Amino acid sequence: MTDKTANLANLDKEGLSLKSVSLWQITWRRLFKRKSALLGLGILIVLVFIALTAQWISPYDPYQVLIGIEDVDMRQAPCIHLLGCPKDQPQHIMGIDGNVRDQFSRLLYGTRLSLMVGLTTVSFAIIIGTILGALSGYFGGWVDNTIMRVMDVLLAFPSLLLAIAIVTVLGPGLINALLAIGIVSIPAYARVVRSSVLSVREMDYVSATRALGGNNFDILFKRIMPNALTPLIVQGTLGIATAILDAAALSFLGLGAQPPTPEWGQMLSAERNQVFTAPHLVFYPGFAIMTTVLAFNLLGDGLRDALDPRLAHTSK
Amino acid sequence: MIQYITRRMFMAIPVLFGILLVTFALARLIPGDPCRAILGEKATDAVCERFIHERGLDKPIPVQFGVYLKEIIRGDFGRSIRYSLPVTRLLVERLPTTVELSFAALTLSLIIGIPLGIISAVRHNSWIDVLTMMWANAGVSMPVFWLGLMLAYIFSLVLKDTPFWLPPSGRVSPGISTAAFYDVWGLSVYGQGLGVAILNFLSRLNILNAILSGNWKLLGDSIKHLILPAVALSTIPMALIARMTRSSMLEVLGQDYIRTARAKGLAKRMVILKHAFRNSLLPLVTVIGLSLGSLLGGAVLTETIFGLSGLGRTLYDAITARDYVIVQSFTVVIAIFFVILNLIVDVSYAYLDPRIKLD
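In order, the protein sequence lines correspond to chains A and B. Taken in order, the first sequence gives residues 621 to 936; the numbers are from the working numbering. Taken in order, the second sequence gives residues 89 to 447; the numbers are from the working numbering.
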């Protein structure tokens, strides 16, 4: 009784009618109330925009060596006309890199790679992790034991080190780095899916589907998996952040993207010995990595709180 | 309790076995011929044939794995191609740097992260809470190598000629004696035994060695060199610890027994530290266990930037030199180290909460 009134009161407070409201609408509304999640979403929208329009908004070609084209020096400091840089000098708002290319254009193109890295590794890990976790949780027994022990072993390595070991074997390169990070992040998703499957496997509606003649595939993918979706989304968003950070680290160690690819970790690594003479070449790529990772982290945290039904009544 | 610890230790055995299996498999997956991968492209056929026979690479895979296991148990990790030294010796030489760095970083993240977390929970939604959380979010999003380089730029170049100057690389300044404490004490230590190895290891922990031998110059200098790398490495764990302390304190502070404790007139300080903090320790221990992984991975990046010749820097050099033996064996050693640390975390978990037993 009191529960019901509390619920109704809550519905009124949130300005909802008693019409059916989908989980997504509720989540969306809750997400909009969190400043930090909105900030993350905002940054992300800007980044996606930059990634999609990089070829039109960059002032230069990211691979273009400017020797003989413009009067600029190697590792020249930023020149911004608004901040008093003489108008007769070409504007390079983030300076010139060690190969006399426009750093700002390279940074803009780097957005593409970074987002791509995050999305592909996490999609790969989610697909494999979901299959493994679903099999493990649904069938139990030796299937479960085998899969989860393998996951335990993968988790027993510090993730960056295992990725390093894998790329050393596969050979350096962006694709191999992505594969390594993907493999390393599988266990997290397998565990999430397994525990969601376990929590609903014995529910009545699952038994009902079985009684109605549904096969294992139907039960698993139409009845059980929708329940694993919300934790997967949260884990995936936060996972993109980690993947971008790890990919940047691998590139920094020379194992990921190779020059002249405009990838942030690689750009930073190429100029790291010049940090005392040309700090702008180290500062901007790192700052770009941090901003992107921060956006995914803020959004992921916000989603976790918004999707958590236990927090429905708190206004935090 | 003892029963729990033994059972937990037995559970670690299959994981350790799996770690060895994975690294063994990775080594076998190196494309091309293992001999040329290890000895280099210029090795002649005759040399390769002898090499393959000596290493037992012509035997069936399970036999090879058995040999590999036997070698590891004997503590033989093979010889480095680049340094042509036994890997074990490199380990004993380089491990102290990494241990000192990780220990300093962990200590730093605990002594700053925990109080910050407690304060922001107690002063929930105050400016200090908001600032801490903003900083914590930025902290987990920062690439360690970038932070390290920026710190080096600020403290070694911008603040040059001020008292805040800090050295950008190395463990000690040239010219400062790093004589081992046992030599200072006048002990004669020689030989090959385990005891000697342990003494050697301890004497390479500069700060401990400085204290034991009363070498205050070395102590000051080592600490000065350790500050930047330790701060860089500690950022992520510190942010995680501050966040976890805050959220688990917030949960505990809302409990009825806290209100009761306050209502019966106990000092606020007492309630926060004794009643609330103790009960919020459990999730904190888990986070510490988790951050150990990022600490060990981050050590590779931090040591590379600050020119510290620890495990991480050696691993980086081995990657660039394609020294597979080192990459493989260091990965194994660090993974084993990680498993043992997590074992300790689990056991302390059971100690902190006696209700936790193996299900």
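Take these hints with a grain of salt, some might be off.
[Stated by the list, open to error] Below, simulated DSBU-like cross-link-like pairs (lysine-lysine); rule was C-alpha separation at most 35 Å, straight line: (1) B:Lys312 / B:Lys248; (2) B:Lys147 / B:Lys130; (3) A:Lys655 / B:Lys130; (4) B:Lys158 / B:Lys147; (5) B:Lys352 / B:Lys362; (6) B:Lys356 / A:Lys707; (7) B:Lys248 / B:Lys305; (8) A:Lys653 / B:Lys356; (9) B:Lys312 / B:Lys352; (10) A:Lys842 / A:Lys653; (11) B:Lys248 / A:Lys655.
[To be verified] In silico negatives: residues of chain A with every beta carbon more than 12 Å from chain B: (12) Lys707; (13) Gly718; (14) Leu735; (15) Trp884.
What the hints contain is simulated information worked out from the structure, not anything from laboratory work. These numbers come from a predicted model, not from an experiment. The C-beta atom is built at its ideal place from N, Cα and C for all residues, glycine as well.
A quick look at each hint next to the structure:
Proposed proximity of B:Lys312 and B:Lys248 is supported: the alpha carbons are some 14 Å apart, at most 35 Å. Note on B:Lys147 and B:Lys130: the hinted pairing holds, with a Cα-Cα distance of about 24 Å set against a maximum of 35 Å. Of the supplied pair hints, the one linking A:Lys655 and B:Lys130 is violated, its CA atoms being roughly 61 Å apart against a limit of 35 Å. Between B:Lys158 and B:Lys147 the alpha-carbon distance is near 15 Å, which keeps this suggested pair within the 35 Å criterion.
Only pairs whose Cα atoms come within 35 Å are accepted, and B:Lys352 paired with B:Lys362 is accepted, the gap being roughly 15 Å. Taking the CA atoms of B:Lys356 and A:Lys707, the gap is about 63 Å. The hint is violated against a cut of 35 Å. For the proposed pair B:Lys248 and B:Lys305, the alpha carbon gap of about 21 Å is at most 35 Å, so the pair holds. Between A:Lys653 and B:Lys356 the alpha-carbon distance is near 33 Å, which keeps this suggested pair within the 35 Å criterion.
This hinted pair does not check out: B:Lys312 and B:Lys352 have alpha carbons roughly 48 Å apart, beyond 35 Å. In summary, the hint linking A:Lys842 to A:Lys653 is supported, as the alpha carbons are separated by about 32 Å, within the 35 Å threshold. Between the alpha carbons of B:Lys248 and A:Lys655 the distance comes to roughly 40 Å, so the proposed pair goes past 35 Å and is violated. A cut-off of 12 Å between C-beta atoms confirms that A:Lys707 is not in contact with chain B; the least separation is 30 Å.
Listed as a non-interface residue, A:Gly718 keeps its Cβ farther than 12 Å from every Cβ of chain B; the least gap is roughly 15 Å. Distance check for A:Leu735 against chain B: the nearest CB is about 15 Å away, which clears 12 Å, and the non-interface claim stands. Consistency note on A:Trp884: stated as away from chain B, yet its beta-carbon is not over 12 Å from all of that chain's, at 9 Å minimum.
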